[in-house]
Amino acid sequence: MSTPRIWISNDSPEVGEVVRVRALIEHRMETGLRPGTDGKVVPRNIVNEFEARLDGELLFTWQPETAVSRNPYIEFTFIASNASELQMKWGDDAGNIITGSKTLSVK
Amino acid sequence: MIFSKNENFPLAQRRQLLEGAALGLGLALLPTAVRAQLASPTPLKPASAAEVQAIIDGFLQGAQPIEKGLELEMPVLGDNPAAVPVKAKVALPITPESYCEELIILAEGNPRPLACRFSFTPLAGTAEVAIRLRLIESQNIRALARMNDGRVLMTHRHITVTAGGCGM
Amino acid sequence: MTAARYLRAFIPDADVVLLERNPTFWSGPMSNKWLIDIVDTDFVHHDMLGAAGKYGYTLINTTVNAIERDTKTVHTTHGSIDYDYLILSGGIRNAYDAWFGGDRNAAEYTRMNYPNAYEPNAEMLALKRKLKEFKGGTMVMNLPPPPHRCPPSPYERACLMAWHIKRNKIPGKIIILDPKPKIAPIGEGYKAAFEELYPDVITYVPNATIREVDPFNKQIKTAAGDFAFDDAVLMPPHQASDMVWYADLIATGPDGKPTGWADIHPRLFTARADEDVYVLGDSMGTISDQFGHYPKSAHVAHAVAKIAARNIAERVAGKEVVPVLPDNLCYMMVNANPQEEISVVFEYTLDPTGKVLQTQIDMDVRTNDLVAKDFEWIKSRFNDFL
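Residue numbers (numbering that gives the first Met the number 0), protein chains in the order written: chain A, 0 to 106; chain B, 0 to 167; chain C, 0 to 385.
Read the hints as simulated data drawn from the structure, not as lab findings.
Hints may be right or wrong, so weigh each one.
Said to hold, decoys possible - Only pairs whose alpha carbons sit at most 30 Å apart, straight line, appear in this in silico DSSO-like list of lysine-lysine:
(1) 165/C to 217/C
(2) 220/C to 168/C
(3) 101/A to 165/C
(4) 217/C to 179/C
(5) 378/C to 127/C
(6) 179/C to 86/B
(7) 101/A to 88/B
(8) 190/C to 88/B
(9) 39/A to 88/B
(10) 88/B to 181/C
(11) 179/C to 88/B
(12) 181/C to 372/C
Stated by the list, open to error - Partial pick of chain A residues on the chain B-facing surface, computed with a CB cut under 10 Å:
(13) 30
(14) 32
(15) 70
(16) 72
To be verified - Calculated from the model, a selection of chain B residues having no Cβ within reach of chain C, i.e. all distances over 12 Å:
(17) 58
(18) 60
(19) 118
(20) 155
Quick caveat: nothing in here was measured; it's all calculated off a predicted structure.
Beta carbons are placed, not taken as given, at the ideal position from N, Cα and C, and that holds for glycine.
One chain only, chain A, in its complex shape:
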């Protein structure tokens, strides 16, 4: 787990502009279908929830399942409002939380 890689198409958008975001974290996304070196199945631990918020207000949530690739990538769009911060949060089966954010200077 690490700091999220976040790219945003425009961090000073006009109100009403469509903003594109790409975010990626390092995470093994262990499927629970794979034997480890001891021959026993490695227990599942994937990122199972993600949410994006603007100044605390929810934009959307995402529940990945085992088909989502390692180092899960998410790209989404949203309409810029007067909000000053995009906040993102990832959580995995083991209870770990990763957060990341981007400051927005809205015109």
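Given the coordinates of chain A, assemble chains B and C onto it according to the supplied hints.
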């Protein structure tokens, strides 16, 4: 880059060579059994068609799916099955009154076909997402999106996956 | 250099001699950043004598011109030397004959005027001078067919050259001619960079297998069309370095023709025809039918060098040889202001039959914080053998 055991190279300074161990090298042959470092997964099997249908029916909740208004973008050929890019986008206008509530993506040939679920709020103002999936074989990818008025949009595309990547 | 160091470390009584035709060490990694002065020459260009002294091996600046495996003798332009074990890690050579047949004149003209600097030598300086002197027009860059040295690097070079062109308001365009059907690896990351950062400079042309190269008239014909150019970076196909051919260790393909790459044991890196010869790095041939070659990267070469050095030490000591799998990763800078990079990571595992399997994960969201990781990576490599 080499070991050397004789003196005929004029420019180099020879160092004291290995003793008997060096000459006994012929004994250290390639092993007959290569020790495995890490067992790989036993082959994974796709889910049954019934399981896939149950997920679709669970989302439809009796609605008749509309095969328009939802776009699925993927390469036709996935040269890296560990990370196939998939984009889903609701092409209908999104407004505070008419917006997408929920969207699911299925990898119908995977052992667990429900790939992920999205729940949108009207604040998003859009319903466009892109993710990367790991696929065990060539298969259909299906997306379903429910609008807040109950309409369900559906689309699917086939993708062929090969191994590959940059080693070739 | 890595193998030499570790052989001395693992086998203190060994006589280790490194025959190197280049008088100095030019790093392929970071060289694209050097082209646009993000790092200086001292960062990528290094003395080898110091390392040889520090790690206790003999370094001889000479060119190998024949290898007699039956007598275990290597012949060079400065004399001959015999061996117990031989490691060939000469990298790649440019196969200009694939374009020009026996016409050495055309090959030399192309190398002089349109250098690609994929063999580490003075072409690096020529390429940088070319970029600095570029006043505008169409610059064509072709990619060799896979496998080739450092698969993502031509796209990185195109990005950074395009950045230079944009930054200096040069009326220039770069046309990338790629024989592959799409950008690979890190395709999405590069595609986003080309479209979002350099839409007015870079044109990417896939399926552009070369049909004919005319360096004199500045024309290049491909399966995707014919292109005239004002300037170019021309990359012929890559093959294993000359030494592997001298040693008669090139693999034969199903068509009966040489593949151009060494025929090696996929786990032990020894030549199939001669277990006392190791071929390491870019010269290596296929490893697995799932993915073909290991990516021809500095990271892999460095990793297998240490593995092979350890295996040789095990053999010398009469111990069991333990094969070890390498890993791989590459960082690629796609924007110079702000500095942003993408990366790709590879993991290798074995299937129950002992076949090597590859998992590739593209990290293609370009961010500034990968830059620090890139520099950490190169410093840790340099510290390991320089």
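Comparing the hints with the structure gives:
Using a Cα cut-off of 30 Å, the hinted pair residue 165/C and residue 217/C holds, with the two alpha carbons roughly 24 Å apart. Of the supplied pair hints, the one linking residue 220/C and residue 168/C holds, its CA atoms being roughly 29 Å apart against a limit of 30 Å. With a CA separation close to 27 Å, the supplied pair residue 101/A and residue 165/C stays within the 30 Å bound. The suggested pairing of residue 217/C with residue 179/C holds, with an alpha-carbon distance near 23 Å, which does not exceed 30 Å.
Distance check on the hinted pair: residue 378/C and residue 127/C sit about 23 Å apart at the alpha-carbon level, within 30 Å; holds. A C-alpha spacing of about 23 Å is found between residue 179/C and residue 86/B, which places the hinted pair at or below 30 Å, so the restraint holds. At roughly 23 Å between alpha-carbon atoms, residue 101/A and residue 88/B fall within 30 Å of each other, so this suggested pair holds. Our distance criterion of 30 Å between C-alpha atoms is met by residue 190/C and residue 88/B, whose separation comes to about 20 Å.
Restraint check for residue 39/A and residue 88/B: not satisfied, since their Cα atoms lie roughly 40 Å apart, outside the 30 Å limit. Our distance criterion of 30 Å between C-alpha atoms is met by residue 88/B and residue 181/C, whose separation comes to about 23 Å. Our distance criterion of 30 Å between C-alpha atoms is met by residue 179/C and residue 88/B, whose separation comes to about 28 Å. For the suggested pair residue 181/C and residue 372/C, the alpha carbons sit about 27 Å apart, so the restraint of at most 30 Å is met.
Look at residue 30/A: its Cβ gets to within about 8 Å of chain B, closer than 10 Å, so that hint holds up. Taking 10 Å as the C-beta contact cut-off toward chain B, the hint placing residue 32/A at the interface holds, the least distance being around 6 Å. At its closest, the beta carbon of residue 70/A sits 8 Å from a beta carbon of chain B; the interface hint therefore holds under the 10 Å criterion. With 10 Å as the threshold, the beta carbon of residue 72/A comes within range of chain B, its nearest partner Cβ sitting at about 5 Å, so the hint holds.
With 12 Å as the threshold on Cβ separation, the claim that residue 58/B sits away from chain C holds: the shortest Cβ distance comes to roughly 28 Å. The Cβ of residue 60/B lies farther than 12 Å from every Cβ of chain C, with a closest approach of about 34 Å, so its non-interface assignment holds. Annotated as non-interface, residue 118/B keeps its C-beta farther than 12 Å from every C-beta of chain C; the closest such distance is 23 Å. For residue 155/B, the requirement that its beta carbon stay farther than 12 Å from each beta carbon of chain C is met, with the minimum near 22 Å.
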